[in-house]
Amino acid sequence: MRADIFTRGIQMLKSIFTRYIAAFMTIIVVSFAVLAILVGTMISSHSIDEKRTVTTESSITVKNFFENELSQSETNDIQHFIYYNYANLRRTLTLFTSYEQGLVLILTDINGKVLITDRLADSEYVDAHIPQEIVDEVLKKGKLNATSNMGGLFSQKQIFNAITVSNKIGSDCAIIFAISTEASLTHLSENLIKAVITSMLWVMLAALIVVYILSERITAPLKRISKAAKEFAKGNFKVRVPVKGNDEISQLSESFNNMACDLENHEKTRSAFIANISHDLRTPMTSISGFIDGMLDGAIPPEKHEHYLKIVASEVKRLSRLVSSLLEISKFEAGEKKLVYSEFDICEMARQIVLSFEKKIDEKRLIVDFDCDDFNLNVNADKDSIHQILYNLCDNAVKFSKEGGKYIISIKQKGKRVFVSVYNEGQGISPDDLPFIFDRFYKSDKSRGLDKTGVGLGLFISKTIIEAHNQEIWAKSAYGEYCEFVFTLEKA
Numbered sequence: 242m243r244a245d246i247f248t249r250g251i252q253m254l255k256s257i258f259t260r261y262i263a264a265f266m267t268i269i270v271v272s273f274a275v276l277a278i279l280v281g282t283m284i285s286s287h288s289i290d291e292k293r294t295v296t297t298e299s300s301i302t303v304k305n306f307f308e309n310e311l312s313q314s315e316t317n318d319i320q321h322f323i324y325y326n327y328a329n330l331r332r333t334l335t336l337f338t339s340y341e342q343g344l345v346l347i348l349t350d351i352n353g354k355v356l357i358t359d360r361l362a363d364s365e366y367v368d369a370h371i372p373q374e375i376v377d378e379v380l381k382k383g384k385l386n387a388t389s390n391m392g393g394l395f396s397q398k399q400i401f402n403a404i405t406v407s408n409k410i411g412s413d414c415a416i417i418f419a420i421s422t423e424a425s426l427t428h429l430s431e432n433l434i435k436a437v438i439t440s441m442l443w444v445m446l447a448a449l450i451v452v453y454i455l456s457e458r459i460t461a462p463l464k465r466i467s468k469a470a471k472e473f474a475k476g477n478f479k480v481r482v483p484v485k486g487n488d489e490i491s492q493l494s495e496s497f498n499n500m501a502c503d504l505e506n507h508e509k510t511r512s513a514f515i516a517n518i519s520h521d522l523r524t525p526m527t528s529i530s531g532f533i534d535g536m537l538d539g540a541i542p543p544e545k546h547e548h549y550l551k552i553v554a555s556e557v558k559r560l561s562r563l564v565s566s567l568l569e570i571s572k573f574e575a576g577e578k579k580l581v582y583s584e585f586d587i588c589e590m591a592r593q594i595v596l597s598f599e600k601k602i603d604e605k606r607l608i609v610d611f612d613c614d615d616f617n618l619n620v621n622a623d624k625d626s627i628h629q630i631l632y633n634l635c636d637n638a639v640k641f642s643k644e645g646g647k648y649i650i651s652i653k654q655k656g657k658r659v660f661v662s663v664y665n666e667g668q669g670i671s672p673d674d675l676p677f678i679f680d681r682f683y684k685s686d687k688s689r690g691l692d693k694t695g696v697g698l699g700l701f702i703s704k705t706i707i708e709a710h711n712q713e714i715w716a717k718s719a720y721g722e723y724c725e726f727v728f729t730l731e732k733a
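Numbered by the numbering used here, the letters in the sequence shown go through residues 242 to 733 in order.
Derived from the structure by calculation, the hints contain no laboratory data.
Please note: incorrect hints may appear among the correct ones.
Stated by the list, open to error - Below, simulated DSSO-like cross-link-like pairs (lysine-lysine); rule was C-alpha separation at most 30 Å, straight line:
hint: 1; residue 1: Lys704; residue 2: Lys717
hint: 2; residue 1: Lys600; residue 2: Lys717
hint: 3; residue 1: Lys732; residue 2: Lys579
hint: 4; residue 1: Lys545; residue 2: Lys579
hint: 5; residue 1: Lys717; residue 2: Lys640
hint: 6; residue 1: Lys600; residue 2: Lys579
hint: 7; residue 1: Lys653; residue 2: Lys643
hint: 8; residue 1: Lys643; residue 2: Lys717
hint: 9; residue 1: Lys578; residue 2: Lys384
hint: 10; residue 1: Lys558; residue 2: Lys643
Unchecked claim - DEER-style ranges, computed between Cβ atoms:
hint: 11; residue 1: Trp443; residue 2: Ile284; range: 13 to 23 Å
hint: 12; residue 1: Ser528; residue 2: Asp488; range: 45 to 55 Å
hint: 13; residue 1: Asn305; residue 2: Ile284; range: 27 to 37 Å
hint: 14; residue 1: Val270; residue 2: Gln492; range: 30 to 40 Å
hint: 15; residue 1: Asn305; residue 2: Val270; range: 24 to 34 Å
hint: 16; residue 1: Ser597; residue 2: Asp673; range: 40 to 50 Å
hint: 17; residue 1: Pro372; residue 2: Asn305; range: 46 to 56 Å
hint: 18; residue 1: Glu489; residue 2: Gly343; range: 54 to 64 Å
hint: 19; residue 1: Gln397; residue 2: Val270; range: 22 to 32 Å
hint: 20; residue 1: Lys655; residue 2: Gly486; range: 11 to 21 Å
hint: 21; residue 1: Ile450; residue 2: Asp488; range: 52 to 62 Å
hint: 22; residue 1: Gly486; residue 2: Gln397; range: 57 to 67 Å
Glycine included, each C-beta is placed from N, C-alpha and C at the ideal position.
Given the sequences, and given the hints that come with them, work out the whole structure.
Below, the structure written as structure tokens:
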């Protein structure tokens, strides 16, 4: 099942590269489009403003020049004036346009006929006419700033500024047109689009490479995790995923390895439980069967029946405790076990439990120390469940204590909690076993030398009950010296 989940995850993650590329490409295209629009708008606006400024200033300068020359001329006829001064006027117009790239100066009469330009070869303008509607508007307003192809003189519309020229008697005798033919806005737009597309393609290529590397770094560990999950499905929990770096994928790999360790330990525990439970079921059943068969076939004399029946009764009780423990765990996991809170004296409960072990304590000559803050210390908890926990801990402490060792029960109040401690001197718990002693079916005494009746459920049940109370339980041990179990309860 886990392998199927991881496999489906990897199948979905195969599209990570495609998704990343789609996201990156969309962002890049949108960004470049917005950038192109903004830059294009700014360039267009600046270009138009600059062309209008240049054409306006140039037309006024040329107007002033012509009016000054006309005022010193003997004729008021513009055509005669140009005829007699053509060479000088051409040089002057050419001088004006030499300072402004793409500027064309055209002088027409009041009918729109071209008289002179700044072009060195103006054959294309000879006998040309500016559209009458433009001429009429200039004569009407005295000046005009607009765009036009000048009746076909230019292939595209150009920005121009036109202004009338007056003779020395103050009559309009000509019109000067200052036209900007510098790279048209269309041409600028085409260049801008080409530049944007070229840049965008290079950025896309770079993004493609980067996304490929990133997606490989992401999917490669996930593929290894998927492969490991398939091994888990086959029952191989020894496989691990290499952890590199300190990013989220590395953290996922580390968590996966932790899960693998837990699964491996759980599998070992489960195998050990099966072996233990099989032994715990088979041994008493074999004893019971053997004793009963012996009594039935006469191998055991009648006078010894009572002795062996007591052994049979003891084994039955042992089986009953085992089944009860398993049922209790099932009830907790199913949520059927309900805690009944009540106020009771934990110190008195501890005294009664310790007294119940008086015979075993005397047999081991244990040094008992009972330390309680007050003679009576009330807590709020499920009394039966806490009795079960404390009895189990005290039983284990006596069972695993060394001859003549210390056996200490300590109950202390700290704030709103009561700390209950059960301490014994003895073999203790090894550092390798300590992290797992609260796991289900775990037995630190794997040889079953000291614990011949337990199946590794008592501490798991104790932890389950304490956590159901929203409290804590933990163990401290120095291997070969001592062991101490501590749990907390809510003070009443």
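How the hints compare with the structure:
no., hint, verdict
1, Lys704 to Lys717, "holds, 15 Å"
2, Lys600 to Lys717, "holds, 27 Å"
3, Lys732 to Lys579, "holds, 20 Å"
4, Lys545 to Lys579, "violated, 45 Å"
5, Lys717 to Lys640, "holds, 17 Å"
6, Lys600 to Lys579, "violated, 34 Å"
7, Lys653 to Lys643, "holds, 25 Å"
8, Lys643 to Lys717, "holds, 17 Å"
9, Lys578 to Lys384, "violated, 100 Å"
10, Lys558 to Lys643, "holds, 27 Å"
11, Trp443 to Ile284: 13 to 23 Å, "holds, 21 Å"
12, Ser528 to Asp488: 45 to 55 Å, "violated, 59 Å"
13, Asn305 to Ile284: 27 to 37 Å, "holds, 32 Å"
14, Val270 to Gln492: 30 to 40 Å, "holds, 34 Å"
15, Asn305 to Val270: 24 to 34 Å, "violated, 52 Å"
16, Ser597 to Asp673: 40 to 50 Å, "violated, 33 Å"
17, Pro372 to Asn305: 46 to 56 Å, "violated, 26 Å"
18, Glu489 to Gly343: 54 to 64 Å, "holds, 58 Å"
19, Gln397 to Val270: 22 to 32 Å, "holds, 30 Å"
20, Lys655 to Gly486: 11 to 21 Å, "violated, 43 Å"
21, Ile450 to Asp488: 52 to 62 Å, "violated, 20 Å"
22, Gly486 to Gln397: 57 to 67 Å, "holds, 59 Å"
Against the hints set out earlier in the document, violations occur for numbers 4, 6, 9, 12, 15, 16, 17, 20 and 21.
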